[in-house]
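Student: What follows is the residue order along each chain.
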Amino acid sequence: MTSFMGRILRVDLSAGTAESVAIPQEIYEAVLAGKGLEAWYLYNNIPAGADPLGPDNILAFAAGALCGTGAFLTGRWTVACKSPLTGGWGDANCGGLFAPAIKQCGYDAIFLSGVAEKPVYLFSDGRTTELRDASAYWGLDATEAEKALHRDLDGVCRKKPCVAVIGPAGEKLSLIAGICNEGGRIAARSGVGAVMGSKRLKAVVLAGTRSMPCADPEKVKALSKELGRKLLKMTLPTGLGVFIGAGGRMMGHLPSMPLDGSLTSYMFREWGTQSNTSLAIPSGDGPIKNWGGTPRDVRLMDAVYNPEHINKIETAKYHCYSCPLGCGGRLNIRGRKYVSFDETHKPEYETIEAFGPLLMNWSLDSIYQLNELLNRAGMDTISVGNTVAWAIECYENGILTREQTDGLELKWGDTEAILALVGKMIAREGFGDALADGVKRASERFGGKEYAMHVGGQEPGMHDARNDPQLGVHFVAEPAPGKHTVGMSIEYGAMSLCDICSWAPPATVHAKKRDLEDTEEMALISKANACYTMLVDGAGGCYYGQMMGVHMWKLIEYLNAAEGWELDGDAYMEIGERIQTLRQLFNVKQGYDPAAVRLPDRMLGVPPLPSGPLKGVTLRNREQVSSHWRAFGWDDKTGVPLPETVRRLGIDKLTEV
Amino acid sequence: MRVKILPPHGSDRSMLDERSWAELPEGSTVHDALRLVRCGPLKAKLLLVSVNGERCTLDRALCEGDVVGFFFPVSGG
Numbered sequence: 129m130t131s132f133m134g135r136i137l138r139v140d141l142s143a144g145t146a147e148s149v150a151i152p153q154e155i156y157e158a159v160l161a162g163k164g165l166e167a168w169y170l171y172n173n174i175p176a177g178a179d180p181l182g183p184d185n186i187l188a189f190a191a192g193a194l195c196g197t198g199a200f201l202t203g204r205w206t207v208a209c210k211s212p213l214t215g216g217w218g219d220a221n222c223g224g225l226f227a228p229a230i231k232q233c234g235y236d237a238i239f240l241s242g243v244a245e246k247p248v249y250l251f252s253d254g255r256t257t258e259l260r261d262a263s264a265y266w267g268l269d270a271t272e273a274e275k276a277l278h279r280d281l282d283g284v285c286r287k288k289p290c291v292a293v294i295g296p297a298g299e300k301l302s303l304i305a306g307i308c309n310e311g312g313r314i315a316a317r318s319g320v321g322a323v324m325g326s327k328r329l330k331a332v333v334l335a336g337t338r339s340m341p342c343a344d345p346e347k348v349k350a351l352s353k354e355l356g357r358k359l360l361k362m363t364l365p366t367g368l369g370v371f372i373g374a375g376g377r378m379m380g381h382l383p384s385m386p387l388d389g390s391l392t393s394y395m396f397r398e399w400g401t402q403s404n405t406s407l408a409i410p411s412g413d414g415p416i417k418n419w420g421g422t423p424r425d426v427r428l429m430d431a432v433y434n435p436e437h438i439n440k441i442e443t444a445k446y447h448c449y450s451c452p453l454g455c456g457g458r459l460n461i462r463g464r465k466y467v468s469f470d471e472t473h474k475p476e477y478e479t480i481e482a483f484g485p486l487l488m489n490w491s492l493d494s495i496y497q498l499n500e501l502l503n504r505a506g507m508d509t510i511s512v513g514n515t516v517a518w519a520i521e522c523y524e525n526g527i528l529t530r531e532q533t534d535g536l537e538l539k540w541g542d543t544e545a546i547l548a549l550v551g552k553m554i555a556r557e558g559f560g561d562a563l564a565d566g567v568k569r570a571s572e573r574f575g576g577k578e579y580a581m582h583v584g585g586q587e588p589g590m591h592d593a594r595n596d597p598q599l600g601v602h603f604v605a606e607p608a609p610g611k612h613t614v615g616m617s618i619e620y621g622a623m624s625l626c627d628i629c630s631w632a633p634p635a636t637v638h639a640k641k642r643d644l645e646d647t648e649e650m651a652l653i654s655k656a657n658a659c660y661t662m663l664v665d666g667a668g669g670c671y672y673g674q675m676m677g678v679h680m681w682k683l684i685e686y687l688n689a690a691e692g693w694e695l696d697g698d699a700y701m702e703i704g705e706r707i708q709t710l711r712q713l714f715n716v717k718q719g720y721d722p723a724a725v726r727l728p729d730r731m732l733g734v735p736p737l738p739s740g741p742l743k744g745v746t747l748r749n750r751e752q753v754s755s756h757w758r759a760f761g762w763d764d765k766t767g768v769p770l771p772e773t774v775r776r777l778g779i780d781k782l783t784e785v
Numbered sequence: 177m178r179v180k181i182l183p184p185h186g187s188d189r190s191m192l193d194e195r196s197w198a199e200l201p202e203g204s205t206v207h208d209a210l211r212l213v214r215c216g217p218l219k220a221k222l223l224l225v226s227v228n229g230e231r232c233t234l235d236r237a238l239c240e241g242d243v244v245g246f247f248f249p250v251s252g253g
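Just so you know, the protein sequences line up as chains A and B, in that order.
Take the numbering used here: the last position of the first sequence gets the number 785, and nothing is skipped along the way.
Take the numbering used here: the last position of the second sequence gets the number 253, and nothing is skipped along the way.
Don't read these hints as lab results, they were simulated from the structure.
Keep in mind that this is a model prediction, so the values were computed, not measured.
Even glycine gets a Cβ: it sits at the ideal position worked out from N, Cα and C.
Please note: incorrect hints may appear among the correct ones.
As the list claims (entries may be wrong) - List of simulated lysine-lysine pairs, BS3-like, C-alpha gap at most 30 Å:
{"hint": "1", "chain 1": "A", "residue 1": "Lys-765", "chain 2": "A", "residue 2": "Lys-717"}
{"hint": "2", "chain 1": "A", "residue 1": "Lys-717", "chain 2": "A", "residue 2": "Lys-743"}
{"hint": "3", "chain 1": "A", "residue 1": "Lys-288", "chain 2": "A", "residue 2": "Lys-349"}
{"hint": "4", "chain 1": "B", "residue 1": "Lys-219", "chain 2": "A", "residue 2": "Lys-288"}
{"hint": "5", "chain 1": "A", "residue 1": "Lys-717", "chain 2": "A", "residue 2": "Lys-640"}
{"hint": "6", "chain 1": "B", "residue 1": "Lys-221", "chain 2": "A", "residue 2": "Lys-743"}
{"hint": "7", "chain 1": "A", "residue 1": "Lys-288", "chain 2": "A", "residue 2": "Lys-246"}
{"hint": "8", "chain 1": "A", "residue 1": "Lys-349", "chain 2": "B", "residue 2": "Lys-219"}
{"hint": "9", "chain 1": "A", "residue 1": "Lys-465", "chain 2": "A", "residue 2": "Lys-445"}
{"hint": "10", "chain 1": "A", "residue 1": "Lys-552", "chain 2": "A", "residue 2": "Lys-275"}
{"hint": "11", "chain 1": "B", "residue 1": "Lys-221", "chain 2": "A", "residue 2": "Lys-552"}
{"hint": "12", "chain 1": "B", "residue 1": "Lys-221", "chain 2": "A", "residue 2": "Lys-246"}
{"hint": "13", "chain 1": "B", "residue 1": "Lys-221", "chain 2": "A", "residue 2": "Lys-275"}
{"hint": "14", "chain 1": "A", "residue 1": "Lys-539", "chain 2": "A", "residue 2": "Lys-353"}
{"hint": "15", "chain 1": "B", "residue 1": "Lys-219", "chain 2": "A", "residue 2": "Lys-417"}
{"hint": "16", "chain 1": "A", "residue 1": "Lys-465", "chain 2": "A", "residue 2": "Lys-275"}
{"hint": "17", "chain 1": "A", "residue 1": "Lys-300", "chain 2": "A", "residue 2": "Lys-288"}
{"hint": "18", "chain 1": "B", "residue 1": "Lys-219", "chain 2": "A", "residue 2": "Lys-717"}
{"hint": "19", "chain 1": "A", "residue 1": "Lys-358", "chain 2": "A", "residue 2": "Lys-300"}
{"hint": "20", "chain 1": "B", "residue 1": "Lys-219", "chain 2": "A", "residue 2": "Lys-465"}
{"hint": "21", "chain 1": "A", "residue 1": "Lys-440", "chain 2": "A", "residue 2": "Lys-465"}
{"hint": "22", "chain 1": "B", "residue 1": "Lys-221", "chain 2": "A", "residue 2": "Lys-445"}
{"hint": "23", "chain 1": "A", "residue 1": "Lys-288", "chain 2": "A", "residue 2": "Lys-275"}
{"hint": "24", "chain 1": "A", "residue 1": "Lys-577", "chain 2": "A", "residue 2": "Lys-361"}
Said to hold, decoys possible - For each label pair, taking beta carbons as the anchor points, the in silico distance ranges come out as:
{"hint": "25", "chain 1": "B", "residue 1": "Lys-219", "chain 2": "A", "residue 2": "Thr-366", "range": "19 to 29 Å"}
{"hint": "26", "chain 1": "B", "residue 1": "Leu-222", "chain 2": "A", "residue 2": "Ala-431", "range": "45 to 55 Å"}
{"hint": "27", "chain 1": "A", "residue 1": "Ala-723", "chain 2": "B", "residue 2": "Ala-237", "range": "25 to 35 Å"}
{"hint": "28", "chain 1": "B", "residue 1": "Ala-237", "chain 2": "A", "residue 2": "Arg-748", "range": "30 to 40 Å"}
Said to hold, decoys possible - Facing chain A, from chain B, some residues (calculated, C-beta under 10 Å):
{"hint": "29", "residue": "Lys-180"}
{"hint": "30", "residue": "Ser-196"}
{"hint": "31", "residue": "Trp-197"}
{"hint": "32", "residue": "His-207"}
{"hint": "33", "residue": "Leu-224"}
{"hint": "34", "residue": "Thr-233"}
{"hint": "35", "residue": "Cys-239"}
{"hint": "36", "residue": "Val-243"}
{"hint": "37", "residue": "Phe-247"}
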């Protein structure tokens, strides 16, 4: 026995049919489940040149290999498709309870092709699988639609269903739309919500109750008990949050070095990802003023966005499935300035950074409102923030006029204008309609391309590559470009991958400027980082577990126990390498040109910033990306995986279902 | 026995191998590990010294394979 359900659900929305398909064991051994299974299936089944918003595109929902085994921090689900934003591989990841719900219906993944004639939702409880009329829910925001589905299915299902749903942004085919679950959690990136909207699929509703297998549940339980004991004992001295800003200033001056990643869980447990905001603003990690500013432009803003302020209005913490950490929370925001809702999820770091320092906005209250608005609309806060930043800079420089912006005067830090513009983007109204497809398309229409921060069509996550050149490599070389979830060097220093992988270089103490060098060692680090992240995604793991390091969150031991395998770290890293290479092959098949993807000049440090922690930094990104490709066994000029690499990884032998 | 030590900035890493592992006599404590990398006890307490992810006192006995670490914020989110 392994942890896999051994079957997928294949749905044809055009024909209105669904079938359960068995997956050979050797596929799981090659790519695990989660993103790996999706990479294998989408590479084989989406025809070259498919319209991302047409019937040939396939939308996939998958749980990871470890989901349901009792392994901690393995409750992530991944949605994947051909991205309408980049034209290449697209994926996004979210937590909550939806991942086990997929497996409890009897499947490792659900693949949906075609386009429904009218709005539908997919219902499955493991016994009955059918497409149902969703006209009553079409037009509702994601949170309202989920509540309505729960209300209408109350008493009908054996358990409360789990719902993944799009809001108005996905329905209106906004290319920066995501897919939501559990009241506004969102798998936000790559335009996955637009693909779901194009299929007229409002929701996937799952209410299965099957048990989820595991080869050695006692061993998994013992590993989780050990991890849980450590995590639950973790506390920080009260009030420490006020010192985070000082920590960020210090970080800006420290060298790169190996760290103990396990202790980051103190911060996520105490504050969630918001703990990063006050670190990022002064350290150079967080972008400021559309990636063109310095901490001096937002002096003391780290105090405004200190996570202690957010904790004061937190009414409840919540956890993803199988997570003892609980970085999420609900906030009481009733009566606050700019706010029209009673409560919201605790905004993530990315959201605060994208609507705070990036826009020079000093109002935390407005970010609560924007967070709730966009979660309900089902829209990616990273992409929206970057697009609004472009609009403001264009307006300030006379590229956009008041007539074009429907009378909005777009100024840095003008909270009212930011709220109004985001409202227009959600409604696809007037000027907002042009911005609802992201910054690349907006700049192609209005000009101001020099202010449009995107990588291959996708707006970058809120971490500055001039502070972390390794992340800059992944912004470009990742098959889904612009994502911040793969390849940070500080995480590499915290993970101790050298202790599980024979070829992963040890993290060293060195001046940050050495990270700008193009060396074989740096290329191996970036490769190891990517391979391990793909392994985590195949397992359905949480990136915060990954960040704790291999000695704390024992992924290799977990996988061996859950699958009944006896593989070493090198063998598992090869699975990660295979997943990443499959994703790149998908891009090549779809005509996506990896060599055409570039960081914008500003993000490269051309010209370099004149002051602040990133003063004088210019990246050697193109050379580092080439070396990264070479380390993967891909052509170092084109990024195309070489035939011998494809053979070495056995990808040529992976057959179609 | 071999333990992994991930000391704070400014420590002496000359006794560690390239993967940050060191050889210590059986019965060694966290205090001994700190002495090896020349990290003062006060600094260690301020930076929340831990073993295998658990905060600990300096007299904590070490075992083969233990990881001695210190609190350091890591970006993410």
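Student: The structure should be examined with respect to each hint, and the outcome stated for every one.
Tutor: How the hints compare with the structure:
In summary, the hint linking Lys-765 (chain A) to Lys-717 (chain A) is supported, as the alpha carbons are separated by about 17 Å, within the 30 Å threshold. Of the supplied pair hints, the one linking Lys-717 (chain A) and Lys-743 (chain A) is violated, its CA atoms being roughly 40 Å apart against a limit of 30 Å. Restraint check for Lys-288 (chain A) and Lys-349 (chain A): satisfied, since their Cα atoms lie roughly 26 Å apart, inside the 30 Å limit. Distance hint between Lys-219 (chain B) and Lys-288 (chain A) is unfulfilled; the C-alpha atoms sit about 51 Å from each other, more than 30 Å.
Pair hint Lys-717 (chain A) plus Lys-640 (chain A) does not hold up; C-alpha atoms about 37 Å apart against a cutoff of 30 Å. For the hint pairing Lys-221 (chain B) with Lys-743 (chain A), the CA-to-CA distance comes to about 34 Å; that exceeds 30 Å, so the pair is violated. For the given pair, Lys-288 (chain A) sits about 26 Å from Lys-246 (chain A) by alpha-carbon distance, which is consistent with the 30 Å threshold. At roughly 36 Å between alpha-carbon atoms, Lys-349 (chain A) and Lys-219 (chain B) are farther apart than 30 Å, so this suggested pair is violated.
Pair hint Lys-465 (chain A) plus Lys-445 (chain A) holds up; C-alpha atoms about 24 Å apart against a cutoff of 30 Å. Distance restraint check for Lys-552 (chain A) and Lys-275 (chain A): the Cα-Cα separation of roughly 25 Å lies within the 30 Å cut-off, and the hinted pair is therefore satisfied. A threshold of 30 Å between alpha carbons decides the hint, and for Lys-221 (chain B) with Lys-552 (chain A) the separation of about 52 Å lies outside it, so the pair is violated. Of the pairs offered as hints, the one joining Lys-221 (chain B) and Lys-246 (chain A) is violated, with about 63 Å between alpha carbons and a cut-off of 30 Å exceeded.
Between Lys-221 (chain B) and Lys-275 (chain A) the alpha-carbon distance is near 49 Å, which puts this suggested pair outside the 30 Å criterion. With a C-alpha separation of about 52 Å, the suggested pair Lys-539 (chain A) and Lys-353 (chain A) falls outside the 30 Å cut-off, and the hint is violated. Our distance criterion of 30 Å between C-alpha atoms is broken by Lys-219 (chain B) and Lys-417 (chain A), whose separation comes to about 37 Å. For the suggested pair Lys-465 (chain A) and Lys-275 (chain A), the alpha carbons sit about 27 Å apart, so the restraint of at most 30 Å is met.
Distance check on the hinted pair: Lys-300 (chain A) and Lys-288 (chain A) sit about 28 Å apart at the alpha-carbon level, within 30 Å; holds. Taken as a hint, the Lys-219 (chain B) and Lys-717 (chain A) pair is broken in the structure, with Cα atoms around 55 Å apart against an allowance of 30 Å. The hinted pair formed by Lys-358 (chain A) and Lys-300 (chain A) fails the criterion: a straight-line CA distance of about 46 Å is larger than 30 Å. A distance of roughly 43 Å separates the Cα atoms of Lys-219 (chain B) and Lys-465 (chain A); the hinted pair therefore is violated under the 30 Å criterion.
At most 30 Å may separate the alpha-carbon atoms for a hinted pair to count; Lys-440 (chain A) and Lys-465 (chain A) meet this at roughly 16 Å. Straight-line distance between C-alpha atoms of Lys-221 (chain B) and Lys-445 (chain A) comes to about 29 Å, which keeps the hinted pair within the 30 Å bound. With a C-alpha separation of about 11 Å, the suggested pair Lys-288 (chain A) and Lys-275 (chain A) falls inside the 30 Å cut-off, and the hint holds. In summary, the hint linking Lys-577 (chain A) to Lys-361 (chain A) is not supported, as the alpha carbons are separated by about 50 Å, beyond the 30 Å threshold.
Separation of Lys-219 (chain B) from Thr-366 (chain A) is about 22 Å and conforms to the stated range, judged on CB atoms against 19 to 29 Å. In this structure, Leu-222 (chain B) and Ala-431 (chain A) break the distance hint of 45 to 55 Å, their C-beta atoms being roughly 22 Å apart. Between Ala-723 (chain A) and Ala-237 (chain B) the Cβ separation comes to about 55 Å, which falls outside the hinted range of 25 to 35 Å. A C-beta distance of roughly 47 Å is found between Ala-237 (chain B) and Arg-748 (chain A), which places it outside the suggested range of 30 to 40 Å.
Taking 10 Å as the C-beta cut-off, the interface hint given for Lys-180 (chain B) holds, the closest approach to chain A being about 7 Å. A hinted interface residue such as Ser-196 (chain B) counts as satisfied when its beta carbon comes closer than 10 Å to some beta carbon of chain A; here the least separation is about 5 Å, so the hint holds. For Trp-197 (chain B), the shortest C-beta to C-beta distance to chain A is roughly 9 Å, which falls under 10 Å, so the interface hint holds. The beta carbon of His-207 (chain B) is not positioned within 10 Å of any beta carbon in chain A (closest approach about 17 Å), and the interface hint is therefore violated.
With a cut of 10 Å, the hint placing Leu-224 (chain B) at the interface with chain A holds, because the nearest CB-to-CB distance is about 7 Å. Interface hint at Thr-233 (chain B): violated, since its Cβ lies 14 Å from the closest Cβ of chain A, which is beyond the 10 Å cut-off. At a threshold of 10 Å, the smallest CB-CB gap from Cys-239 (chain B) to chain A is about 13 Å, leaving the interface hint violated. Checking Val-243 (chain B) against chain A: minimum C-beta separation of about 5 Å stays under 10 Å; hint holds.
This hint holds: Phe-247 (chain B) has a C-beta 5 Å from the nearest C-beta of chain A, less than the 10 Å allowed.
Of the hints listed earlier, those the structure fails to meet are numbers 2, 4, 5, 6, 8, 11, 12, 13, 14, 15, 18, 19, 20, 24, 26, 27, 28, 32, 34 and 35, in rising order.
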